[in-house]
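Student: Sequence:
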Amino acid sequence: MIILGLDASTPRGSVALVNGGEIIAESVSSSNYSDQFLVMIDEVLSNVEGGIDKVDAFCVTTGPGSFTGLRVGVSLIKGLVLATEKPFWGINTLEAFANRVKPIPQPISPILDARKKELYTASFKFKGDRLIRETPDQAVSVEKLCNMTQEPTLFLGSGLEPYGDNLSYQLGEKFIHQAPTKDQTIAASAVQVALNQYQK
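Numbering-wise, this note's numbering comes out as the position in the sequence shown, counting from 1, plus 879.
Calculated directly from the structure, the hints in this document are not laboratory data.
Hints may be right or wrong, so weigh each one.
To be verified - Label pairs and their in silico Cβ distance ranges:
| id | residue 1 | residue 2 | range |
| --- | --- | --- | --- |
| 1 | 935 | 1029 | 40 to 48 Å |
| 2 | 925 | 1013 | 21 to 29 Å |
| 3 | 1079 | 957 | 37 to 45 Å |
| 4 | 950 | 1013 | 15 to 23 Å |
| 5 | 957 | 1077 | 18 to 26 Å |
| 6 | 891 | 1008 | 39 to 47 Å |
| 7 | 1062 | 930 | 20 to 28 Å |
| 8 | 946 | 1015 | 13 to 21 Å |
| 9 | 947 | 1020 | 46 to 54 Å |
| 10 | 1078 | 965 | 38 to 46 Å |
| 11 | 1078 | 932 | 20 to 28 Å |
| 12 | 914 | 1008 | 17 to 25 Å |
| 13 | 1052 | 914 | 24 to 32 Å |
| 14 | 1041 | 1015 | 18 to 26 Å |
To be verified - Straight line, CA to CA, 20 Å or less: simulated SDA-like cross-link-like pairs of lysine to any residue:
| id | residue 1 | residue 2 |
| --- | --- | --- |
| 15 | 1006 | 1031 |
| 16 | 933 | 906 |
| 17 | 933 | 949 |
| 18 | 965 | 982 |
| 19 | 965 | 955 |
| 20 | 1004 | 933 |
| 21 | 965 | 954 |
| 22 | 981 | 918 |
| 23 | 996 | 1050 |
| 24 | 1061 | 995 |
| 25 | 1079 | 901 |
| 26 | 957 | 997 |
| 27 | 981 | 1013 |
| 28 | 1006 | 1060 |
| 29 | 933 | 981 |
| 30 | 1061 | 996 |
| 31 | 995 | 1044 |
| 32 | 1006 | 1055 |
| 33 | 1061 | 953 |
| 34 | 1053 | 1072 |
| 35 | 933 | 957 |
| 36 | 1004 | 901 |
| 37 | 981 | 955 |
| 38 | 981 | 1008 |
| 39 | 1004 | 1059 |
| 40 | 995 | 1037 |
Just so you know, even glycine gets a beta-carbon here, dropped at the ideal spot from N, CA and C.
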C-alpha cells in the first residue's frame, strides 16, 4: 500500500511517500505555505511511476499545532481525496513525534510550542514494540509539566527550542533529550502510525 503523508502542523512541514514500511521519498519545508507543499508533493510523487494514480491512500497530521498550518494541510489532503476518491487517515501530531523514537523503557513526552508560555504535550510509552498513549493531549505551562514529570522522561519536539533549557534546569536527571530515533520526517512517521492502525 502506497500512502502519501503530509504534516503541516509543525514549524518544519514535511511530505512523505511510503510503500508498506519503506520510505520511498521525503521532502521538508521551512514554512507552512500551501504553494510549497504542492511543490513538495510533486517532488515525492516523481519517485513513483504513475504519480498520484499509484497512491492508495493519504495521511495528514491533525494537531495539536499551528492553526494556519493545520488548515493548509487538511485542505490539501481534502482536495486530493476528493479528486482521487482514495481513503485517508488523520493522525495526531504528538503521536507521530513519539513514533519517531525507537523502543525505550522511559516515558516519551513530545512537546510543541503552544504560545502564551504553554506547551502542547502528551505522554506515551512502549510496551514491547508497541507505542501506547498514556495521557490525552493538553496545553500546560512549563512549571505544570515539570510537576507532572515523576520519572526520567524523554522530551522531544519543536518545543525544545524555546523551552528545553528551562525544562532541563527544573527537571535535572528526569530530563532526557537524547535517545535512538528513526531517521524520518513527521509525515513519514504519521504514515507508519496509520499503517499500524490499518493492520490492527
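Student: I'd like to know which numbered hints this structure contradicts. Please list them from smallest to largest.
Tutor: 2, 3, 4, 6, 9, 10, 12, 13, 17, 18, 20, 22, 24, 26, 29, 30, 33, 34, 36 and 37
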